[in-house]
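All chains, full assembly: derive it from the sequences and hints.
There are 2 protein chains.
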Amino acid sequence: MNFRLEQTKQILQQTPSTLNSLLGNLSNEWVSANEGPNTWSPFDVVGHLIHGEETDWIPRARIILQHGEERAFDPFDRVAMFEKSRGKKLSDLLVEFEVLRATNLEELDRMNLTPELLAKHGKHPELGIVTLGQLLSTWAVHDLNHIAQIVRVMSKQYSDAVGPWKAYLSILNVR
Amino acid sequence: MNFRLEQTKQILQQTPSTLNSLLGNLSNEWVSANEGPNTWSPFDVVGHLIHGEETDWIPRARIILQHGEERAFDPFDRVAMFEKSRGKKLSDLLVEFEVLRATNLEELDRMNLTPELLAKHGKHPELGIVTLGQLLSTWAVHDLNHIAQIVRVMSKQYSDAVGPWKAYLSILNVR
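Chains A and B, in that order, are what the protein sequence lines are.
Each residue of the first sequence is one higher than the one before, starting from 11 at the first, in my numbering.
Each residue of the second sequence is one higher than the one before, starting from 11 at the first, in my numbering.
Hints are computed from structural coordinates only; laboratory data are not their basis.
No incorrect hints appear here.
Here are a few chain B residues that sit away from chain A, every Cβ distance over 12 Å (derived from the structure):
#	residue
1	N48
2	E63
3	E93
4	S95
5	L110
6	D119
Covered, in the sense of this in silico footprint (three residues per stretch, anywhere, with C-beta under 8 Å from a C-beta of chain B), are these stretches of chain A:
#	segment
7	128-138
8	158-167
Where a beta carbon is used, it is the ideal one built from N, C-alpha and C, also for glycine.
Written out as C-alpha cells, the structure reads:
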C-alpha cells in the first residue's frame with residue numbers, strides 16, 4: 011500500500027479510543043505489568059505515546075516544512091515517560107493523550123500538505139534523509155506497534171495460566 | 011500472574027469495543043489487507059472470533075462442566091470464517107461479535123464458577139488434559155493474540171511507506 015494522507019489519518023484518529031477501550035476498565039495488575047527488568051508496562055507505553063505527541067511527530071513535521079534537510083531533528087527521548095508519568099493515573103494519561111492527538115491532527119490539517127510537501131526531505135539524526143510522508147507513515151505504524159506491545163505484555167502475564175494452550179498462542183512466544 | 015476469573019473477564023469484556031474503535035472507521039483497504047496468500051485480513055480475524063464465540067469457548071466450558079475429561083472437545087474449525095463471512099460487511103461482523111460475546115459472558119456468570127470447578131479437567135482433542143481455568147485464560151489471551159495480529163497486518167501495509175524507519179519498528183520485522 012502506498013502512503014496516503016487520508017488513510018494515515020484514519021489510523022492516527024483511532025488510537026486514543028482504542029487505548030481507552032483496551033485499557034480503560036482494567037485492574038491495575040494488567041496495566042502495571044511488564045515483561046521483566048527494563049521493559050515497559052501498558053502504563054509506560056501510554057506515557058511514551060504522550061511524549062511523542064509533544065516532542066516527536068508534529069515538531070519534526072514542522073522542522074521539515076521550515077528547514078528541510080538543513081536542520082536535523084532533535085533526538086527523541088524514548089524513556090522520558092518514566093520520569094514524566096510518575097504519580098499519574100492511567101485515566102489521566104489516556105485523557106492527556108486523547109487531547110494531544112486531537113490537537114496534533116488539527117495542526118496536521120492546517121499544514122495543507124500537498125504531494126510535493128509530503129515528498130520534502132528532512133534529516134533524521136541517525137537514519138539520515140527521510141521524507142515528510144515517511145514521517146507520517148511512521149507515526150501511524152508506531153501507534154500500531156505500541157498497541158501490539160501492550161497486548162503482548164498483557165498476554166504474557168497469563169503464559170502459565172493458559173497451560174498446554176501456550177503452544178498455540180504465538181503472542182506468548184515472541185519478544 | 012495467576013488466573014483470576016474477574017481479571018480474565020476484564021479482558022474478555024473489552025475486546026468488542028476495542029475492535030470497534032480500532033476497525034470501525036477504517037477504509038476497506040486497511041480492513042481487507044492481509045500478509046499474502048493464506049493469511050488473514052482484519053475482516054477475517056473478526057469472523058474467526060465470531061466462530062470461536064459460537065463453537066469454541068463456552069461450548070467447551072459446558073463440556074468440561076458436564077462431562078469432565080470423559081468427552082473430548084469437538085475440534086475447532088480455525089478457517090470456518092472464510093465461508094461464513096462471505097458477503098458480509100465488517101460493521102455487521104462487529105455487531106455480531108459484540109452480541110455473542112455479551113451473551114457468552116452472561117452464561118459464564120451463570121455458571122457460578124468456584125475454584126473447584128475452575129480446576130476441573132477437560133480433554134482437548136490434541137493437547138490432552140486441560141482445566142477449565144486454562145480454557146478461560148486461553149479465551150482471553152486468544153483475543154489479545156488476534157488484536158496483535160490485526161495491528162501487525164495493518165502495519166505491514168506500510169512497510170515501504172515508512173522508509174528508513176522500518177529498522178526501528180519491530181512490528182514490521184515479525185511474522
